[in-house]
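Novice: This is what each chain is made of:
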Amino acid sequence: MKVYSETLSISTKNRVELVDITEKVRRAVASSGVSNGIVNVYSLHTTLGLYLNENEPNLRMDVLEFLDRLAPQGRGYHHDTVDANANTFSHLRAILLSNSLSLPVAGGAPVLGTWQSVFAAEFDGPRSRRVIIQVMGE
Amino acid sequence: MKVYSETLSISTKNRVELVDITEKVRRAVASSGVSNGIVNVYSLHTTLGLYLNENEPNLRMDVLEFLDRLAPQGRGYHHDTVDANANTFSHLRAILLSNSLSLPVAGGAPVLGTWQSVFAAEFDGPRSRRVIIQVMGE
Amino acid sequence: MKVYSETLSISTKNRVELVDITEKVRRAVASSGVSNGIVNVYSLHTTLGLYLNENEPNLRMDVLEFLDRLAPQGRGYHHDTVDANANTFSHLRAILLSNSLSLPVAGGAPVLGTWQSVFAAEFDGPRSRRVIIQVMGE
Numbered sequence: 020m021k022v023y024s025e026t027l028s029i030s031t032k033n034r035v036e037l038v039d040i041t042e043k044v045r046r047a048v049a050s051s052g053v054s055n056g057i058v059n060v061y062s063l064h065t066t067l068g069l070y071l072n073e074n075e076p077n078l079r080m081d082v083l084e085f086l087d088r089l090a091p092q093g094r095g096y097h098h099d100t101v102d103a104n105a106n107t108f109s110h111l112r113a114i115l116l117s118n119s120l121s122l123p124v125a126g127g128a129p130v131l132g133t134w135q136s137v138f139a140a141e142f143d144g145p146r147s148r149r150v151i152i153q154v155m156g157e
Numbered sequence: 020m021k022v023y024s025e026t027l028s029i030s031t032k033n034r035v036e037l038v039d040i041t042e043k044v045r046r047a048v049a050s051s052g053v054s055n056g057i058v059n060v061y062s063l064h065t066t067l068g069l070y071l072n073e074n075e076p077n078l079r080m081d082v083l084e085f086l087d088r089l090a091p092q093g094r095g096y097h098h099d100t101v102d103a104n105a106n107t108f109s110h111l112r113a114i115l116l117s118n119s120l121s122l123p124v125a126g127g128a129p130v131l132g133t134w135q136s137v138f139a140a141e142f143d144g145p146r147s148r149r150v151i152i153q154v155m156g157e
Numbered sequence: 020m021k022v023y024s025e026t027l028s029i030s031t032k033n034r035v036e037l038v039d040i041t042e043k044v045r046r047a048v049a050s051s052g053v054s055n056g057i058v059n060v061y062s063l064h065t066t067l068g069l070y071l072n073e074n075e076p077n078l079r080m081d082v083l084e085f086l087d088r089l090a091p092q093g094r095g096y097h098h099d100t101v102d103a104n105a106n107t108f109s110h111l112r113a114i115l116l117s118n119s120l121s122l123p124v125a126g127g128a129p130v131l132g133t134w135q136s137v138f139a140a141e142f143d144g145p146r147s148r149r150v151i152i153q154v155m156g157e
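First to last, the sequence lines map onto chains A, B and C. Per my numbering, residue 20 is the first one in the first sequence, and the count goes up by one each step. Per my numbering, residue 20 is the first one in the second sequence, and the count goes up by one each step. Per my numbering, residue 20 is the first one in the third sequence, and the count goes up by one each step.
Hints may contain errors.
Which copy? The list can't say, so a pair holds if one copy fits it or any two copies do.
What the hints assert, rightly or not - Calculated pairs, SDA-like style, for lysine to any residue (alpha carbon to alpha carbon, straight line, at most 25 Å):
hint, residue 1, residue 2
1, K32, G132
2, K21, T100
3, K21, E157
4, K32, A125
5, K21, W134
6, K32, L131
7, K32, G93
8, K32, T133
Since the hints were made in silico from the structure, they are not lab data.
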């Protein structure tokens, strides 16, 4: 049984942005040498969320507009009065998504359905972000 | 330390539907021979979500109506213009729920509180669905 | 490879309340003797959610008000007619958050970014609550 860990660095370019990290997760699992087990993808940030879904350009827009409706920017939030970034919406959106994703590993690769991609969702960029990819198994 | 994996097949009958898979998770954990560890329940789909909560008929209706309010069907979504299923609402609801659930395993069974049931939430059925149940431990 | 498990007891004092359990997660990981691996924090309840975010008093208020907007109390829910606690809103909010959180463990501690705290979110208190902290690794 092995525990392998890698820290992924992501440079985002916009305030709000979806970054497909599927290939990086795949590469980390390959590097781990684990053939059967689990991979945990983990955001080290409170305004960077994670989710697993389809990478289709129209859907990406819908996801962003959806989160924008649920947690709009600058809605008279308390935290906006103490944080110079006025990033309360960023925190709320990250909370709605996931902070970590657990994917099965089989045959040395993360198990993904036909339409599944792993996304890091930036809500307070542009920033340098870190995502830990940890693989456990045999 | 053991890694056990099983693929659960689910046939859903409606466009939107909640399927209680608790017993199937229990059976997979029993089959695994793992007494202490973790079980990861994982959806292989982008329009099938997972969640853990009470299986009470009225509450099941409330959960569906709640998701219907947050992510209504046919709200002029971009993705609906390119996907013949017009299933953007299905993706958005799956994103609000979880793609994977991690439950502790003790005494050869998943640890569940009195009211906790494991649900697969179909948002774009009827379809054949696959859920991976993976158990790691000793 | 080791599997360590601890049950955390929490006494909440209000109907709705955020409890920072970061230090308790840290202590459990230290007690486990695991230096590299994963810690899974797991709610045993259907009206107690978990999330990872910043512990800043204004933001805590925003998080509660945000969930209050998305899943308001007493909105003519079906389940409220059969449950004396009229706690449908509590279930819905718990479903929006997470039932379990998976954090990497490195150097004998949970890996947390500068602003990350682990929260248990009570939505139907005051009650005695149980959260399982399970650590796997070497």
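Novice: Hint by hint, say whether it matches the structure.
Specialist: Structure-based check of each hint:
1. K32 with G132: between (29 Å within a copy, 21 Å between copies)
2. K21 with T100: Result: close neither inside a copy nor across copies, 46 Å intra and 46 Å inter.
3. K21 with E157: both (6 Å within a copy, 8 Å between copies)
4. K32 with A125: neither (34 Å within a copy, 30 Å between copies)
5. K21 with W134: neither (29 Å within a copy, 29 Å between copies)
6. K32 with L131: Intra 27 Å, inter 24 Å, cutoff 25 Å: inter-copy only.
7. K32 with G93: Cα proximity of K32 and G93: one copy only (21 Å, versus 31 Å across).
8. K32 with T133: Answer is between: at 22 Å across copies they meet the 25 Å cutoff, but 28 Å inside does not.
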